[in-house]
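Going down the list, the protein sequences come from chains A and B. FYI, in my numbering the residues of the first sequence are 2 to 405. FYI, in my numbering the residues of the second sequence are -9 to 174.
No wet-lab data here; the hints were simulated from the structure. There are no misleading hints in this set.
Under the rule of at most 25 Å between Cα atoms (straight-line distance), these lysine to any residue pairs were calculated in the SDA-like manner:
id : chain 1 : residue 1 : chain 2 : residue 2
1  : B       : 86        : A       : 270
2  : B       : 86        : A       : 307
3  : A       : 259       : A       : 192
4  : A       : 51        : A       : 361
5  : B       : 129       : B       : -2
6  : A       : 259       : B       : 40
7  : A       : 51        : A       : 148
8  : A       : 292       : B       : 90
9  : A       : 292       : A       : 201
10 : A       : 135       : A       : 353
11 : A       : 292       : B       : 83
12 : B       : 131       : B       : 149
13 : A       : 259       : B       : 55
14 : A       : 259       : B       : 38
15 : B       : 86        : A       : 297
16 : A       : 259       : B       : 99
17 : B       : 159       : B       : 148
18 : A       : 259       : B       : 113
19 : A       : 51        : A       : 205
20 : B       : 86        : A       : 296
21 : A       : 259       : B       : 96
22 : A       : 259       : B       : 53
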Amino acid sequence: MIPESDRAALRPEQATIPPGHPWNRIPVIAAVCALLGVVACAILGPANPKQFFFSWLVSFLFFLSLALGALFFVLIQYASQGGWGIVLRRIGETTFATVPVMAALFLPLLLGLNDLYSWTIPGAAEHDALLRWKAPYLNVPFFLIRAALYFGIWSFIAVLYYRGSSGQDVTGDPRVSARLRRLAGPAIIVLALTQTFASIDWIMSLTPHWYSTMFGVYFFAGSFVGFIALLSVVSAAMRGAGLLDTVISAEHLQDIGKFLFAFTAFWAYIAFSQFFLMWYANLPEETFWFKTRIEGSWLPVSLLLMAGHFVAPFFYLMGRRVKRNGATLAVGGAWVLAMHFVDIYWQVMPTLHPEGFRPSALDVAALVAIGGCFVAAASWLMRRQALVPMRDPRLAESLAFENV
Amino acid sequence: MPLVARLPKGPYFGILGEFASPADLQRACARVRDAGFTRWDAHSPFPVHGLARAMGIGRSPLPWIVLGMGLTGAALGFVLQWWVHAYAYPLVISGKPYFSWPAYIPITFEVGVLFGALGAVFGMLGLNRLPMHYHPLFKSKVFERASDDAFFISIESWDPQFDPSATGKLLESLGARSVELLES
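Assemble the whole structure, with the sequences as input and the hints as a guide.
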């Protein structure tokens, strides 16, 4: 047991956004951005609804994947009884608490199901043996039920862990940690399954004839490395802004950096495994997906992913000093975050533009609209409570954490 | 192979001080470090967190050895496959071009990891001058417990600040349970 005296090691003013701090304005600024993005979508969208729905889907998946990555990060911390990351947990909690917002942002896609998913067009399966074969799974009512189920389950887990953690700030009850730890294992399994099927529904079924048995893992790898990249940027930015600068130390930054390094490599391992087996076996129902992406102007995007999502961060993050310095870690995190966006874009957009890379103003508009909502929600939640779980029984351990 | 340690010249190898606990050892190490000694070592039956910092040991060059070996291995693995498949014995395999680099990636990775791991193990042994079959510390009876339940600091006689009596007194003042002067 950690003595009570150690638990009081952190003063509240060390872990809250002080009144008048510029970070207090972020929710409003982000909300204004979101509004501008929505207006831009409303102006540009009607002229090109197909492009709008695809752009919206890309940005929706990007921010949703960050929220789900955050959920996994926090669950794994509970399940493994990790001590080092307690001071970072609230960043994860505020990130995954945006899941209900993402559920609302999913709704516009329902208006464009026929534009996005060719199998939803009535009669699509009539002259298509494969779609007929897949129809028991790929049909609109079941698709909608599944989507409701995913968001229901994610929101439930998110609210459970968010409430549990913020409730502990008030009560200081260590049993909350024990209860959430027991639930973390089953929650990880449920999250893995729902996230896998969600990626099949929302990304793979864009090309309903495609087969890949490891797409779910691929989406998970991207979502987790995406959140770690976000965590690098946010924790370094917080220190830079004078928030938590006495709480998050170079030791914590180094561990975030290790995660970032490890999971860019994990992403590359999964991405390559998916590509490699399909390339080697050369079966038409698998290779056409990659063929679109290594032809024409999609090839440079694929090469950018290889170099930018793996090779560059791998060597950049290898050294110790880069990971222990907030500025250099944030640069690495921002880069990986951008690459994660390119990754999602590269998964979705070639369905709309098989002829080549065609950037659109709607891509930016959707990114700003959804990103604005995401940042506004997360930063609004950050203002409502302490920036670290103040009375978690392992807080003292996390504060004193040192790499060997 | 450095089977025998390089030894200081002179009648004494150095002074050995025994400490009761890891915490005592760590405190004493910090003081020996601050006293400016450079040729000395600490001995513990198990890794003590923070001891390296208390001893003022700098970063090991081992990561660079591992990086160099890893890159060498990856390059060798890649070139080997290119040589076999595209140059020495060109065969058409599943309709792919001779030089099908995606197929080389797993072996390139594995050989890179293998060389990196070998570099880590043998680099560590080399930097520690191991295996070492004889060392003057082995003459000390009490030092046998360094692999059991005792903690030691040994200060070697070629340290510029070494003095047989003064250094012994220093270790005693730092809380050493016993201090032993070791002959060469």
